[in-house]
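I would like the entire structure built from these sequences, with the hints used as guidance.
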Amino acid sequence: MIDQKTCPHDAKVKMAGFKDRYECTRCHKFILYGQ
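Quick note: the sequence shown, position 6, residue 5 per numbering that gives the first Met the number 0, numbers continuous.
You may find that some hints are simply not true.
[As the list claims (entries may be wrong)] No more than 25 Å apart at the CA atoms, straight line, and that leaves these computed lysine to any residue pairs for SDA-like: (1) K13 / T24; (2) K13 / Y32; (3) K11 / L31; (4) K11 / C23; (5) K11 / T24; (6) K13 / C23; (7) K28 / D9; (8) K28 / A10; (9) K28 / M14; (10) K28 / F17; (11) K11 / R25; (12) K11 / H27; (13) K28 / A15; (14) K13 / F29; (15) K18 / L31; (16) K18 / Y32; (17) K11 / E22; (18) K18 / F29; (19) K13 / C26; (20) K13 / K28; (21) K13 / R25; (22) K13 / L31.
Derived from the structure by calculation, the hints contain no laboratory data.
Structural data, given as structure tokens:
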């Protein structure tokens, strides 16, 4: 898991079933918000 600061893209999509978890559609990193 990384935070949003390590992903330079603005292509984050909300993952189904996760409240604060997103995936970048460009670099496919998983971003966890709200920590």
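Here's how the hints hold up against the structure:
Restraint check for K13 and T24: satisfied, since their Cα atoms lie roughly 10 Å apart, inside the 25 Å limit. Taken as a hint, the K13 and Y32 pair is honoured in the structure, with Cα atoms around 11 Å apart against an allowance of 25 Å. Restraint check for K11 and L31: the C-alpha separation of about 11 Å stays at or below 25 Å, so the hint holds. With a CA separation close to 4 Å, the supplied pair K11 and C23 stays within the 25 Å bound.
Between K11 and T24 the CA atoms are separated by roughly 6 Å; this keeps the pair inside 25 Å, and the hint holds. Of the supplied pair hints, the one linking K13 and C23 holds, its CA atoms being roughly 9 Å apart against a limit of 25 Å. Between the alpha carbons of K28 and D9 the distance comes to roughly 12 Å, so the proposed pair stays at or under 25 Å and holds. A C-alpha spacing of about 10 Å is found between K28 and A10, which places the hinted pair at or below 25 Å, so the restraint holds.
Under the criterion of a C-alpha separation no larger than 25 Å, the hint pairing K28 with M14 is consistent with the structure, at around 12 Å. The suggested pairing of K28 with F17 holds, with an alpha-carbon distance near 15 Å, which does not exceed 25 Å. Note on K11 and R25: the hinted pairing holds, with a Cα-Cα distance of about 8 Å set against a maximum of 25 Å. A distance of roughly 9 Å separates the Cα atoms of K11 and H27; the hinted pair therefore holds under the 25 Å criterion.
Restraint check for K28 and A15: satisfied, since their Cα atoms lie roughly 15 Å apart, inside the 25 Å limit. For the given pair, K13 sits about 10 Å from F29 by alpha-carbon distance, which is consistent with the 25 Å threshold. Straight-line distance between C-alpha atoms of K18 and L31 comes to about 9 Å, which keeps the hinted pair within the 25 Å bound. Using a Cα cut-off of 25 Å, the hinted pair K18 and Y32 holds, with the two alpha carbons roughly 9 Å apart.
A hinted pair counts as satisfied when its Cα atoms are at most 25 Å apart, and K11 with E22 qualifies at roughly 5 Å. A distance of roughly 13 Å separates the Cα atoms of K18 and F29; the hinted pair therefore holds under the 25 Å criterion. Simply put, K13 and C26 have alpha-carbon atoms about 15 Å apart, close enough for the 25 Å limit, and the pair holds. With a C-alpha separation of about 12 Å, the suggested pair K13 and K28 falls inside the 25 Å cut-off, and the hint holds.
For a cut-off of 25 Å, the pair hint linking K13 to R25 stands: about 14 Å separates their Cα positions. For a cut-off of 25 Å, the pair hint linking K13 to L31 stands: about 10 Å separates their Cα positions.
Checked against the numbered hints given earlier, the structure satisfies every one of them.
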